[in-house]
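Chemist: Residue-level listing of the chains:
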Amino acid sequence: MRFVLNGNRVSLDVSGSRRLLDVLREELRLTGTKEGCGEGECGACSVLIDGEVVNSCLVAVGQVDGCRVVTVEGLALPDGKLSALQQAFIERGAAQCGICTPGMLLAAHALLEENPRPSEDEVRTGLAGNLCRCTGYTKIFDAVLACRR
Amino acid sequence: MPEVAYLQPRDLADAARLCRDTPDAKPLAGGTDLMVMLHAGTVRPRALVNLWSLRELQGIRHVDGALEIGAAEPYTGIIGSALVGEHCPALVAASRTIGAAQIQNRGTLGGNLANASPAGDTLPVLLAADAVVVTDRRAIAVADFFRGYRKTALGPGELIVAVRFPAAARGVRFRKVGTRAAQAISKVVIAVNREPARVALGSVAEVPLRARDAEAALARGDVEGAVTAVAADIRPIDDVRSTAAYRRAVAQNVLRDLLHASPRR
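Taken in order, these protein sequences are the chains called F and Y. 1 is the number of the first residue of the first sequence in the working numbering; add one for each residue after it. 1 is the number of the first residue of the second sequence in the working numbering; add one for each residue after it.
No wet-lab data here; the hints were simulated from the structure. C-beta: ideal position from N, C-alpha, C; glycine also. Careful, some of the hints might be misleading.
Looking from chain Y toward chain F, a few residues come up when the C-beta cut is under 10 angstroms (computed) [said to hold, decoys possible]: (1) 31; (2) 34; (3) 38; (4) 53; (5) 58; (6) 103.
Chain F extracted, bound-state conformation:
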């Protein structure tokens, strides 16, 4: 199977029924994508498939054949500089333990792509599928709101 991962073509010989999450972490060694609950509740494993945010623990890797997949490793700019959203997370203190951060970034990225000027309510709704056990939501929302265009 083939797909585009963070802008690069990948070709893999793995069973299509494995979880995208496991293939990303174990075969492709991209460990930025975290496993939280493994049940689609927490959003820690969020990635983008063709621009849409999904839980990679719920996707069979065969289903991304021919798709564009973006993980947290693919959010930085081509020259390696962090994206404005990543920078805002650092500046606003939006990461505590960090487990939810990659998923938060991807959900927020998808939200801002779809809606460049979300209200605070829309940010809360857009990130409702991402749980932060440190309960650092306020600073996370602040960071996303700071990136409105």
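Got chain F sorted already, so can you dock chain Y onto it with the hints?
Modeler: Using the frame of chain F, we list chain Y on its own:
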């Protein structure tokens, strides 16, 4: 864990053939239920048949005055559809309460039906709307679809292709009671219609069900009679999410509320 084969059909006919001919195959759409069970080992199929990419299972259209939604159309498509907003606004409301963006991007009506969880959020709406499940073989009224705890009328290898909503679906009203607005499995879900009189509930029995005595009272215009009757129509249990007594009280209160908010036309 023995490896589960992954089969990619070319089209719907190919998928139907694979599901029929492969022993112990499970159709896979958005994976929001099946991938969890697979990983936990609570289902152990020998093969997955991927339906996600089949165009014949996608899309939202008018067919002979009815609204038809492809079985693998995700909730995000339903939420964003002006056609669904016009024809069955309650389905848009129900879809918004399912998980959050990640789940709405992958969850489907076909999956909600096939999984047949008593807590499936769209299922009371489908019941109250007199929706019809279209499979690769036949059409099944949703009222005849749920046959027991997570049991459906689907035969071996039978695939859900679409769900049809008659014009009366427009009058359906919906309410979900859960612990929080997003990512919550419901304590009680209710959908009602006035014309024809329909009262359907989820999370209050082993199946999503229509409250027949409440419907009979509602058909006579007796709202308080319907509220009284619904308590005996349902069979709630105590579990981790709620208690039987709470569910019964909430079902009655929410039903009263919904019926007062949707007066007879």
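Chemist: Sort out which numbered hints this structure fails and list those numbers smallest first.
Modeler: 5
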